[in-house]
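In order, the protein sequences belong to chains A and B.
Start counting the first sequence at 23; every next residue gets the next number (my numbering).
Start counting the second sequence at 23; every next residue gets the next number (my numbering).
These aren't lab readings, by the way, just hints derived from the structure by calculation.
Every value quoted in this text rests on a predicted model; they were computed, and no experiment measured them.
Cβ coordinates follow ideal geometry from the N, Cα and C atoms, glycine included.
You may find that some hints are simply not true.
Derived contacts from chain A toward chain B, CB cut-off under 10 Å, selection only [claimed, not checked]:
| # | residue |
| --- | --- |
| 1 | Asn47 |
| 2 | Ala53 |
| 3 | Ala170 |
| 4 | Asp326 |
| 5 | Phe357 |
| 6 | Arg426 |
Number of protein chains: 2
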Amino acid sequence: METIKVGLIGYGTIGQGVIRLLRENEADITARLGARLALAGVADVDIDRPRKVKVKRGLLTTDPYRLINDPDVPIIVELVGDWPNVKKQVIDALRAGKSVVTANKALLAKHGDEIDRAAREAGQDVYYEAAVCGTIPIIRVLREGLAANRIEAVYGIVNGTCNYILTEMSAGRGDYADILAAAQQKGYAEARPEADVEGYDASHKLAILINLGFGVPVKLNQIHREGITRVTAGDIMAAKHLGYTIKLLAIAKRTPAGLEARVHPTLIPDSSTLASVNGVFNAVYVVGNMSGPTLYYGRGAGQDPTAAAVVADVMELARRILRGDPPRRLPSGAFRDGHRPDLKVLDVKQIETEYYLNMNVADRPGVLAQVAGALGKNQISIRTVIQRNREKGLEATIVIVTHRAREANMIKALAAFKSLKMVRGPVRMIRIENNI
Amino acid sequence: METIKVGLIGYGTIGQGVIRLLRENEADITARLGARLALAGVADVDIDRPRKVKVKRGLLTTDPYRLINDPDVPIIVELVGDWPNVKKQVIDALRAGKSVVTANKALLAKHGDEIDRAAREAGQDVYYEAAVCGTIPIIRVLREGLAANRIEAVYGIVNGTCNYILTEMSAGRGDYADILAAAQQKGYAEARPEADVEGYDASHKLAILINLGFGVPVKLNQIHREGITRVTAGDIMAAKHLGYTIKLLAIAKRTPAGLEARVHPTLIPDSSTLASVNGVFNAVYVVGNMSGPTLYYGRGAGQDPTAAAVVADVMELARRILRGDPPRRLPSGAFRDGHRPDLKVLDVKQIETEYYLNMNVADRPGVLAQVAGALGKNQISIRTVIQRNREKGLEATIVIVTHRAREANMIKALAAFKSLKMVRGPVRMIRIENNI
Numbered sequence: 023m024e025t026i027k028v029g030l031i032g033y034g035t036i037g038q039g040v041i042r043l044l045r046e047n048e049a050d051i052t053a054r055l056g057a058r059l060a061l062a063g064v065a066d067v068d069i070d071r072p073r074k075v076k077v078k079r080g081l082l083t084t085d086p087y088r089l090i091n092d093p094d095v096p097i098i099v100e101l102v103g104d105w106p107n108v109k110k111q112v113i114d115a116l117r118a119g120k121s122v123v124t125a126n127k128a129l130l131a132k133h134g135d136e137i138d139r140a141a142r143e144a145g146q147d148v149y150y151e152a153a154v155c156g157t158i159p160i161i162r163v164l165r166e167g168l169a170a171n172r173i174e175a176v177y178g179i180v181n182g183t184c185n186y187i188l189t190e191m192s193a194g195r196g197d198y199a200d201i202l203a204a205a206q207q208k209g210y211a212e213a214r215p216e217a218d219v220e221g222y223d224a225s226h227k228l229a230i231l232i233n234l235g236f237g238v239p240v241k242l243n244q245i246h247r248e249g250i251t252r253v254t255a256g257d258i259m260a261a262k263h264l265g266y267t268i269k270l271l272a273i274a275k276r277t278p279a280g281l282e283a284r285v286h287p288t289l290i291p292d293s294s295t296l297a298s299v300n301g302v303f304n305a306v307y308v309v310g311n312m313s314g315p316t317l318y319y320g321r322g323a324g325q326d327p328t329a330a331a332v333v334a335d336v337m338e339l340a341r342r343i344l345r346g347d348p349p350r351r352l353p354s355g356a357f358r359d360g361h362r363p364d365l366k367v368l369d370v371k372q373i374e375t376e377y378y379l380n381m382n383v384a385d386r387p388g389v390l391a392q393v394a395g396a397l398g399k400n401q402i403s404i405r406t407v408i409q410r411n412r413e414k415g416l417e418a419t420i421v422i423v424t425h426r427a428r429e430a431n432m433i434k435a436l437a438a439f440k441s442l443k444m445v446r447g448p449v450r451m452i453r454i455e456n457n458i
Numbered sequence: 023m024e025t026i027k028v029g030l031i032g033y034g035t036i037g038q039g040v041i042r043l044l045r046e047n048e049a050d051i052t053a054r055l056g057a058r059l060a061l062a063g064v065a066d067v068d069i070d071r072p073r074k075v076k077v078k079r080g081l082l083t084t085d086p087y088r089l090i091n092d093p094d095v096p097i098i099v100e101l102v103g104d105w106p107n108v109k110k111q112v113i114d115a116l117r118a119g120k121s122v123v124t125a126n127k128a129l130l131a132k133h134g135d136e137i138d139r140a141a142r143e144a145g146q147d148v149y150y151e152a153a154v155c156g157t158i159p160i161i162r163v164l165r166e167g168l169a170a171n172r173i174e175a176v177y178g179i180v181n182g183t184c185n186y187i188l189t190e191m192s193a194g195r196g197d198y199a200d201i202l203a204a205a206q207q208k209g210y211a212e213a214r215p216e217a218d219v220e221g222y223d224a225s226h227k228l229a230i231l232i233n234l235g236f237g238v239p240v241k242l243n244q245i246h247r248e249g250i251t252r253v254t255a256g257d258i259m260a261a262k263h264l265g266y267t268i269k270l271l272a273i274a275k276r277t278p279a280g281l282e283a284r285v286h287p288t289l290i291p292d293s294s295t296l297a298s299v300n301g302v303f304n305a306v307y308v309v310g311n312m313s314g315p316t317l318y319y320g321r322g323a324g325q326d327p328t329a330a331a332v333v334a335d336v337m338e339l340a341r342r343i344l345r346g347d348p349p350r351r352l353p354s355g356a357f358r359d360g361h362r363p364d365l366k367v368l369d370v371k372q373i374e375t376e377y378y379l380n381m382n383v384a385d386r387p388g389v390l391a392q393v394a395g396a397l398g399k400n401q402i403s404i405r406t407v408i409q410r411n412r413e414k415g416l417e418a419t420i421v422i423v424t425h426r427a428r429e430a431n432m433i434k435a436l437a438a439f440k441s442l443k444m445v446r447g448p449v450r451m452i453r454i455e456n457n458i
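Next up, chain A with everything else stripped away, as it sits in the complex:
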């Protein structure tokens, strides 16, 4: 039986998962490939730290180039995270005639074009199913399964840490800071949680999804990004009262004016399937002009689920190698250069949506008239208002849901609120998506 050798760079959580999967599912993999996958070696800067998943000493190396330059290794799996020399290693592996599997979303979001070019020049493949939503095969779905569609919209719960925190807050188990601390203890959030909770990770994934679904090589600074750090338990309760759940969504939406690309906390109807995606699970809701709405759900992180996505890519490369076919089955961005659609990424000021507003105001007659006036002057009409006393006669809370409005106008209205003395403290604004 033929054997395909795989070189692994990165002996961390996911790397160990890959090694274990190759062992535990060996018979299953062989049944599908008609050949074996064998670990050629594992490179890591630290090979002495004890790991749960052991590897024979002879397979371990601190020099990734022992694998990158090994002529018997056609596939390199890169799982080292966001290190400075990763890009060089990936490009060097391609130039050395290897195809590469990576789970590195930051690398792809920042340097995807450069890596794609290197792969094309080297005549090799770069696969990255594990980079977005862990085990959910969303890359294949956009690149192949829904390929006959004009993609109209993508709405993704793509960050498990944020979804866990918001789920716990929705269950009334505390405010943001408490739950973040608990999540850090459980290992669901990093000690330095900014990449997750500030929406950076989600915007990296959205950049990849946009490239695949819409053919637009969007830059990270073209994606409007807000994290979940300012969502309060009060917002979640007010949203619930209105029939909404708050989720951090990565949104890409085709409009007549261009492409909306944004990551932010979002009110979605309780009846939406996405509203029932809880805890560390991920889901992506994709609307095609022919397929209509579709949804993909599964674990977005974790050792085994992520390893399963990595090895699925390795198997696809192995099948190609076993057939003796040339690489480059598809450009990694799914669209052909020279044929990319002319779709402009909109500034967030140009988007249109409904809004939720939550503000503390003086509990005096006339305050609602002032607030409504500031909205009306900016062409924003109100769908619902809920006013609640907080401290009798002193302060009240006003919650407003608007009709569809332009973000540029909302920005003006928010500025106008600042000059209203009866509005106390900052007004919290969260966007709403009603059609999912």
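Take the given structure of chain A and dock chain B to it, following the hints.
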């Protein structure tokens, strides 16, 4: 720019959808392929009946062999449904050096092995994404996306007609017969609905999913099949009272004894994501040993959604042809012959699950003891009993939820009920799946 010609056999609803999609999404398809897809011709037994989607007269033919034997046509799309000569046409197309895209689940479920063999001998591909769950790319998911997993279980809502009827019954809009009649009026059910409501269509799809997910070439008569015709509004209400929703599920489950393969109405917990899949939508819940639970959701039928799945397959073939690669990227069953796992399909008597029972009994003391006795004698223990008077002093209804039991024992218990005089009429039994 290069052009790939596509020959279409079948000018019905889906065929027209394919033609319209190729026109409406032409620019999008070209952007992804870097080439054009062109309709070479459309064959149908009746080309005179007026259609909504028109085709130039010169492209129409009543002779499919004009396309099958056209050397300029590398891809044949077969969308004629369950006609007797379809198998021959597909095999002839393969032998004539074409790759084939089909949505014909009955053909694949009954003759998949023969067609696969013909494709292999001819060195051509057969793609069939549209055959299962319409627009949901579940074939690619099982063949590629989850390929690194040992698949533990598949639970599918794969028949839109049944799901529509059960959804309407759950909403209290009538009993089975009324809703079937309404569904027929709306076009959601056929005038001769047996293929759907008796579970034949679902078992065809399950056979395909089992072949892909478990590597077992299951025969249709190995799949236990029950339709929805005996589910009553009373069952649905009793299930709701117990926290369950009734769905027609196609189930494949790996157990230590072998593979369970069954299609039947099933009580699933209201909290299950599958319970919220309503109307004509389909969804498949797949559990991999590494990925864990994943879910795929979308329209399982309809002109546009099905056409999108057909054209996605055409595009994948076109990409391969444009690259100049040889066919046979994968065996259509995903597993290599000679490496198929040794997994026995279990008889339904061998399965183990929980059960719901609903029976009319005489409203007399001792009846529950008799019923419980018949279960106990067959090693079936009771989790919940609800007893309700129907006509005071005359008849009562007993609803029972059992603990996990063996179907062989349940069959004996059902036989024992028949000899109990206090049990009136047939006992309705519906299986439960609690772990989804």
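Comparing the hints with the structure gives:
1. Asn47: Constraint on Asn47 (chain A) satisfied, holds at 6 Å.
2. Ala53: Ala53 (chain A) check passes; min Cβ-Cβ to chain B is 4 Å, inside 10 Å.
3. Ala170: For Ala170 (chain A), the interface hint holds, since the closest Cβ of chain B sits about 4 Å away, which is under 10 Å.
4. Asp326: With a closest approach of 4 Å, the Asp326 (chain A) hint holds.
5. Phe357: holds, 5 Å
6. Arg426: violated, 26 Å
When held up to the earlier numbered hints, the structure conflicts with hint 6 and nothing else.
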